[in-house]
Structures are given as structure tokens and as C-alpha cells.
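S.K.: Below, each chain spelled out in residue letters.
Number of protein chains: 2
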Amino acid sequence: MATKYTTPHEVTAYECDVNGTMKLATMIAVAIQVSEEQSNQLNRGADFVQQFGLTWIVTNYQLFMQRLPKAGETVYVTTQAQEYNKYFCYRHFWITTQAGEELVRIETIFALMNVETRKMSSVPNEIIAPYESEKITKIKRYPKIEKVKNGTSLPFRVRFYDIDGNQHVNNSIYFNWMMDVLGYDFLTKHVPAYMNIRFDKEVEYGNEIDSHYEIIQAETLQTRHEIRIGEQTYCEALIEWQEKK
Amino acid sequence: MATKYTTPHEVTAYECDVNGTMKLATMIAVAIQVSEEQSNQLNRGADFVQQFGLTWIVTNYQLFMQRLPKAGETVYVTTQAQEYNKYFCYRHFWITTQAGEELVRIETIFALMNVETRKMSSVPNEIIAPYESEKITKIKRYPKIEKVKNGTSLPFRVRFYDIDGNQHVNNSIYFNWMMDVLGYDFLTKHVPAYMNIRFDKEVEYGNEIDSHYEIIQAETLQTRHEIRIGEQTYCEALIEWQEKK
Chain Z
1 MATKYTTPHE VTAYECDVNG TMKLATMIAV AIQVSEEQSN QLNRGADFVQ QFGLTWIVTN
61 YQLFMQRLPK AGETVYVTTQ AQEYNKYFCY RHFWITTQAG EELVRIETIF ALMNVETRKM
121 SSVPNEIIAP YESEKITKIK RYPKIEKVKN GTSLPFRVRF YDIDGNQHVN NSIYFNWMMD
181 VLGYDFLTKH VPAYMNIRFD KEVEYGNEID SHYEIIQAET LQTRHEIRIG EQTYCEALIE
241 WQEKK
Chain G
1 MATKYTTPHE VTAYECDVNG TMKLATMIAV AIQVSEEQSN QLNRGADFVQ QFGLTWIVTN
61 YQLFMQRLPK AGETVYVTTQ AQEYNKYFCY RHFWITTQAG EELVRIETIF ALMNVETRKM
121 SSVPNEIIAP YESEKITKIK RYPKIEKVKN GTSLPFRVRF YDIDGNQHVN NSIYFNWMMD
181 VLGYDFLTKH VPAYMNIRFD KEVEYGNEID SHYEIIQAET LQTRHEIRIG EQTYCEALIE
241 WQEKK
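Protein chains in written order, with full-length UniProt numbering: chain Z, 1 to 245; chain G, 1 to 245.
Just so you know, the hints here were simulated from the structure itself, not pulled from any lab data.
Heads up, some of the hints might be wrong.
Since the list gives no way to pick one copy over another, a pair counts as held whenever it fits inside one copy or between any two copies.
[What the hints assert, rightly or not] Simulated crosslink set (DSSO-like; lysine-lysine; CA at most 30 Å straight-line):
(1) Lys119 with Lys244
(2) Lys189 with Lys4
(3) Lys70 with Lys4
(4) Lys144 with Lys189
(5) Lys86 with Lys147
(6) Lys119 with Lys245
(7) Lys201 with Lys23
(8) Lys86 with Lys70
(9) Lys135 with Lys4
(10) Lys144 with Lys244
(11) Lys70 with Lys23
(12) Lys86 with Lys138
(13) Lys147 with Lys119
(14) Lys144 with Lys23
The structure displayed is predicted, hence computed values, not measured ones.
Take the sequences, apply the hints, and build the full model.
M.R.: The following block contains the structure:
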């Protein structure tokens with residue numbers, strides 16, 4: 001059974017939006033922080049991984065949201081490296097209440113990238129062993145994300161504070177770019193229940209991206225998203241929404 | 001002697017910029033959070049203040065920065081309501097290391113605003129008494145901020161995630177708008193040592209602001225900043241910089 005790591009997190013007002021619930025961007029940043037804490041505890045922190053000329057990237061997230069954490073609430077963030085194959089590591093996160101109720105489950109696909117070549121690397125046993133996750137041969141894929149067909153878009157310039165210590169645009173920033181375009185009325189009348197997001201290419205400081213979106217009334221209310229520079233897609237997502245109660 | 005309140009804060013990677021030190025915006029958000037915690041502890045939280053039809057605003061900040069908190073470091077954030085007069089409350093914050101070394105001192109001027117009329121209100125004794133700060137008659141002013149004379153600017157659209165639970169653009173966002181325009185090279189080669197910022201008017205969701213700035217090589221390296229919409233100034237600041245070691 002793979003090692004689990006749990007840490008409490010007090011949700012502050014500044015981590016929340018006008019609805020008083022946690023910004024998805026912050027939730028993702030906190031989750032990644034917790035996985036870094038686990039890695040440090042297992043002596044597999046960024047420095048260790050860097051000895052191999054590698055760095056972790058996250059290529060996909062699926063979020064299953066029962067309820068978003070609220071300002072003032074203390075939640076527990078648990079992470080576990082579930083399985084891995086030659087190139088991909090499958091890690092889960094759970095955000096739960098003090099009473100153990102699951103609020104959000106986040107499934108992620110991590111990969112290792114060569115810092116110099118920016119190419120994916122196979123996963124060295126020395127890096128992965130301490131997590132005690134199961135080795136599998138299967139490649140797991142999340143559901144395919146449909147393209148934005150009749151979308152509109154808004155431009156976003158990559159800002160200095162969007163880039164993190166690794167000189168990359170932090171993953172969490174893409175969540176803000178995608179959701180902001182939906183506007184105040186939409187974002188105060190709906191809550192996200194499911195999100196599937198896939199990172200294809202790295203956006204860099206100095207880029208200006210277009211955040212394309214399309215609202216689809218299917219069985220559920222859905223929004224489809226693409227972060228593009230010109231015709232090139234850098235990141236794509238599907239979000240399923242519920243009416244806010 | 002006015003009541004002091006201290007809380008530890010673990011500086012996470014996502015609170016830091018590419019330099020590995022805490023974003024000023026986050027430092028301000030954390031400070032405000034700590035003052036809210038003190039208010040809650042004294043039963044003078046937002047709900048209590050709202051009974052008077054009022055809400056707190058911060059009109060001025062002065063930051064004295066010896067060294068910015070680093071990712072992974074645990075710092076202590078202390079706050080104390082120092083003095084107040086009819087309209088203004090003077091509150092200090094100190095960010096210190098575990099060993100008690102002062103990293104940052106933040107001086108602030110708070111005022112109470114009527115939620116309906118958006119006008120300033122005098123400070124009711126019922127609200128201020130528990131902080132045990134000293135009543136003074138003098139109005140304290142921070143140094144005058146010189147205008148931007150030969151500046152350049154970049155536009156910023158107010159985004160959904162820039163507004164907080166009070167429907168305002170969070171104060172911390174202005175810090176990002178002001179500093180982002182200085183660019184990667186400047187912001188990775190210099191560290192702020194002093195900042196004096198004054199909030200004149202509220203920017204609202206849907207606005208597009210221009211972040212004007214000018215670099216002045218005086219006795220110290222200074223940058224002057226103005227957030228404007230058209231000819232109207234909403235916020236102004238002076239920052240003094242040192243070469244990054």
C-alpha cells in the first residue's frame with residue numbers, strides 16, 4: 001500500500017473568491033505543496049530529483065468537487081502516489097473535512113522532464129521507490145477533451161508573478177485564465193463539480209495567450225476551454241457546473 | 001499598552017516569486033489575515049463591525065524591508081493597533097524570524113467606511129476599545145508621494161479573482177499591478193527595501209486600469225507608480241530598491 005501523507009490547511013479569506021470559497025488555482029497550489037512536503041519527507045525533494053537532471057511536471061488533472069472549501073474552514077489535504085508506469089506517475093489528492101467528509105478529490109498525472117532538453121524521461125527507480133506505489137504497465141488516460149468549436153476569447157499577458165521558482169508559468173495560473181473569462185455573473189451563479197484539464201505545452205514569460213471558451217448546455221452545463229497562442233493549443237479543459245444553491 | 005497578536009506563518013513555494021522570496025502581494029494578504037484573526041479573537045470581527053453599517057479599509061501602507069521571507073521559512077507575523085484618532089487607526093505589523101530578527105515592518109492606516117454611502121466614518125468606541133490602542137488627536141501622515149512625470153504604462157483588466165469577499169479589488173492586487181510593469185530583469189536584479197503606497201479611490205470589477213511607472217536614480221534607486229483610469233489616479237506608490245546580492 002502506497003504511503004499516504006496528510007496535512008491540515010486553514011482556508012484563509014485571501015485564498016477565496018467573492019463566493020467565499022477557495023479559488024481552484026489556490027486549491028491546486030496547495031495540493032502541489034502537499035505533494036512536495038511528502039517528497040521532502042521521503043528525501044525525494046526537488047534537489048534529489050535534480051541530481052538526475054530532472055524536474056516533475058503535471059500533465060493532467062481531474063477534479064471531482066462535492067463542495068469547495070470555505071473561508072475560515074480547516075480542511076485536511078491527503079496525497080498518495082497510487083501507481084506508475086515507465087513514463088507516468090498517477091497521484092491522488094483528497095481534501096476532507098475534520099469529520100472525514102470528502103470535499104474534493106484530485107487525480108493527477110505526473111511526469112519527469114529533463115531540465116536541459118525539456119523532453120520527458122522514464123521514471124528512475126531511485127526516485128519512485130520510497131513512495132511504494134504500484135508499478136503497472138498500462139497507460140491510464142483521462143477522458144478526451146472536446147475542442148472549442150464556436151468559442152470566444154480574451155487575451156492574457158503572462159505576468160512576472162505568474163512564473164514560479166522553476167521559471168515556468170505555474171499550473172495554477174491556467175485555472176484562473178480559463179475561469180476568469182466566464183465572468184462575474186456566471187461565476188457567482190454556478191459552482192464547478194468536475195474539471196478535466198490537460199497541459200500540452202509550456203507557456204513562457206513574455207507570451208500573450210488567448211483564453212478561448214464555449215458554454216455547452218448538454219445533460220450537464222459544461223464549459224470547454226483552450227489556452228492558445230495563435231493556432232497552437234497549450235492547455236485544454238472541460239468543466240461541468242452546477243447551479244449555486 | 002495595546003494588545004499584540006502573533007501567529008506563525010510557513011512560507012510556501014507558491015507564495016514566492018521566481019526569486020524564491022515572498023511576493024509583496026501575499027505578504028500584505030497574510031498581514032491583513034493576521035489582523036482579522038486578532039479582531040475575531042477580540043470579538044471585533046467583520047460581523048461586529050457590520051452591525052454599525054461599517055467595514056474596514058486600509059488607505060496607506062509603509063513597508064520597511066530588511067529581507068524578504070524565503071520559501072520554506074517559518075516566520076512570525078505580529079500585529080498591534082498602535083494609536084487612533086477620530087477617523088484613522090494606526091496599526092503596525094512585524095514579520096520576524098524564529099530567532100526574533102525583524103525582516104519586515106509594515107505600518108498601516110486603517111479607516112472605517114460606511115458600506116452604503118462608501119464614505120468614511122468616525123471610529124466608534126465600541127469597535128476600537130478592546131484593542132487598547134492609544135487615543136491621539138494628531139493626524140499622522142506618511143511622506144508625500146511624488147507624481148509620475150515621464151512614465152510609461154501597461155494596461156490591466158480587473159479579473160474575477162482580483163476581487164475579494166467584500167466585492168472590492170483586494171489591496172494586494174495593486175502591488176502586483178505596480179511591480180509587474182518593472183519586468184523580469186529589473187525584478188530579478190533588485191529587491192525592494194522601502195515602499196510607501198496610498199489608496200485614493202476604489203477600482204471595481206470590469207475596470208481596466210493603467211499601471212504607470214517611472215524609474216528614478218536618486219540617492220537610492222526609486223520607482224514611482226500610479227494606478228490610473230484615464231486621468232484619475234486610484235493608487236500611488238514609491239518604492240526604494242537595492243541591488244540583489
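S.K.: Evaluate each hint against the coordinates.
M.R.: Hints, one by one, checked against the model:
no.: 1; hint: Lys119 with Lys244; verdict: neither (42 Å within a copy, 32 Å between copies)
no.: 2; hint: Lys189 with Lys4; verdict: neither (36 Å within a copy, 40 Å between copies)
no.: 3; hint: Lys70 with Lys4; verdict: both (24 Å within a copy, 27 Å between copies)
no.: 4; hint: Lys144 with Lys189; verdict: within (27 Å within a copy, 43 Å between copies)
no.: 5; hint: Lys86 with Lys147; verdict: within (29 Å within a copy, 59 Å between copies)
no.: 6; hint: Lys119 with Lys245; verdict: neither (45 Å within a copy, 33 Å between copies)
no.: 7; hint: Lys201 with Lys23; verdict: both (23 Å within a copy, 26 Å between copies)
no.: 8; hint: Lys86 with Lys70; verdict: neither (38 Å within a copy, 35 Å between copies)
no.: 9; hint: Lys135 with Lys4; verdict: within (17 Å within a copy, 53 Å between copies)
no.: 10; hint: Lys144 with Lys244; verdict: within (27 Å within a copy, 46 Å between copies)
no.: 11; hint: Lys70 with Lys23; verdict: both (10 Å within a copy, 24 Å between copies)
no.: 12; hint: Lys86 with Lys138; verdict: within (9 Å within a copy, 70 Å between copies)
no.: 13; hint: Lys147 with Lys119; verdict: within (25 Å within a copy, 49 Å between copies)
no.: 14; hint: Lys144 with Lys23; verdict: within (25 Å within a copy, 37 Å between copies)
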